[in-house]
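S.K.: Spelled out, the chains give:
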Amino acid sequence: MNVDKELDARGLNCPLPILKTKKSLADMTSGQVLKVVSTDCGSVKDMQAFANQTGNTLVSQSEENGEYIFFMQKK
Amino acid sequence: MKKMAIIATKGTLDMAYPPFILASTAAALGYEVQIFFTFYGLQLLRKDLSDVKISPLANPAMPMPVPMPVMVQMLPGMETMATMMMKDKLKKKGVASLEELRDLCLEADVKFVACQMTVDLFEFEKSDFIDNIEYGGAATFMEFAGDTDICLFV
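Chains C and W, in that order, are what the protein sequence lines are.
Counting in our numbering, the first sequence runs from 708 upward without gaps.
Counting in our numbering, the second sequence runs from 1221 upward without gaps.
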């Protein structure tokens, strides 16, 4: 997947991964993809909820060695 | 645009988190947010938040590393120690500091309203509070709260 920007949210807890995702998306353009890496298991549900409420698309999410990887496409 | 209003009435470290977490998150989700700070909640608007503390006293739900009798919790310095330990734990677990969350709220245009009556009651100095806040009363709160999707009392 073509990634335009990456956000390292490892070690951060609720609500920081969401707030930093929002901030990172702010200076991106429509259609661009943000990759977020988080270690907060709560962010799995929260990222989906963020996408549902903001209209950005959570293209995919996966887990690898305790890290959660999200690809969020800006609305 | 969806709206959320919160009344923040508590000035302890644990009770300071919910208003700032919910407000910053709602703002990130596109809500217009207002927090009305009244009574002890006003302490959360001070420039210096280092006096915001947590007490194990009368808080039997607080997880303690070792069980502590109430008689011990009363001893001088226990509040400071509990606060230090809690802040240390928050930091280790990657939870934002109150200052950081409050800044994130302001950055996201969350509106802070301080209760004028409480300021008078406790004879607080407005110069002790952060800038960019408004002062108002119950009617000011209602004007915004009456038109919100979520309204919380903390």
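Some hints here could point you the wrong way.
From the structure, some residues in chain W lie toward chain C, with a derived Cβ separation under 8 angstroms [to be verified]:
| id | residue |
| --- | --- |
| 1 | I1241 |
| 2 | S1244 |
| 3 | L1249 |
| 4 | G1314 |
Calculated Cβ distances over 12 angstroms to all of chain W for the following chain C residues [stated by the list, open to error]:
| id | residue |
| --- | --- |
| 5 | N709 |
| 6 | E713 |
| 7 | L726 |
| 8 | L732 |
| 9 | T746 |
| 10 | V766 |
| 11 | S767 |
| 12 | E770 |
| 13 | F778 |
None of these hints come from the bench; they were simulated from the model.
Backbone N, C-alpha and C define an ideal beta-carbon position, used for all residues, glycine too.
S.K.: Are the hints correct? Go through all of them and say.
M.R.: Consistency of the hints with the structure:
1. The restraint placing I1241 of chain W at the interface with chain C holds, with a minimum CB-CB distance near 5 angstroms, inside the 8 angstroms limit.
2. Of the supplied interface hints, the one on S1244 of chain W holds, with its beta-carbon coming within about 6 angstroms of a beta-carbon of chain C, less than 8 angstroms.
3. Taking 8 angstroms as the C-beta cut-off, the interface hint given for L1249 of chain W holds, the closest approach to chain C being about 5 angstroms.
4. For the restraint placing G1314 of chain W at the interface with chain C, the shortest Cβ-Cβ distance is roughly 4 angstroms, inside the 8 angstroms limit, so the hint holds.
5. At the 12 angstroms boundary, the C-beta of N709 of chain C stays outside the reach of chain W, the nearest C-beta of that chain being 25 angstroms off.
6. E713 of chain C, annotated as away from the interface, keeps every beta carbon of chain W farther than 12 angstroms; the closest lies near 18 angstroms.
7. At roughly 5 angstroms from the closest C-beta of chain W, the C-beta of L726 of chain C falls inside 12 angstroms, breaking its exclusion from the interface.
8. With a closest Cβ-Cβ approach of about 10 angstroms to chain W, L732 of chain C is found to fall inside the 12 angstroms limit, against its non-interface label.
9. For T746 of chain C, the non-interface assignment is contradicted: its Cβ lies about 8 angstroms from the closest Cβ of chain W, within the 12 angstroms cut-off.
10. Non-interface status of V766 of chain C relative to chain W is upheld: no Cβ of that chain comes within 12 angstroms, the nearest being about 19 angstroms off.
11. With 12 angstroms as the threshold on Cβ separation, the claim that S767 of chain C sits away from chain W holds: the shortest Cβ distance comes to roughly 21 angstroms.
12. Even its closest Cβ contact with chain W, about 18 angstroms, leaves E770 of chain C beyond 12 angstroms, as expected for a residue assigned away from the interface.
13. A cut-off of 12 angstroms between C-beta atoms confirms that F778 of chain C is not in contact with chain W; the least separation is 18 angstroms.
Going through the hint list in order, the structure does not satisfy hints 7, 8, 9.
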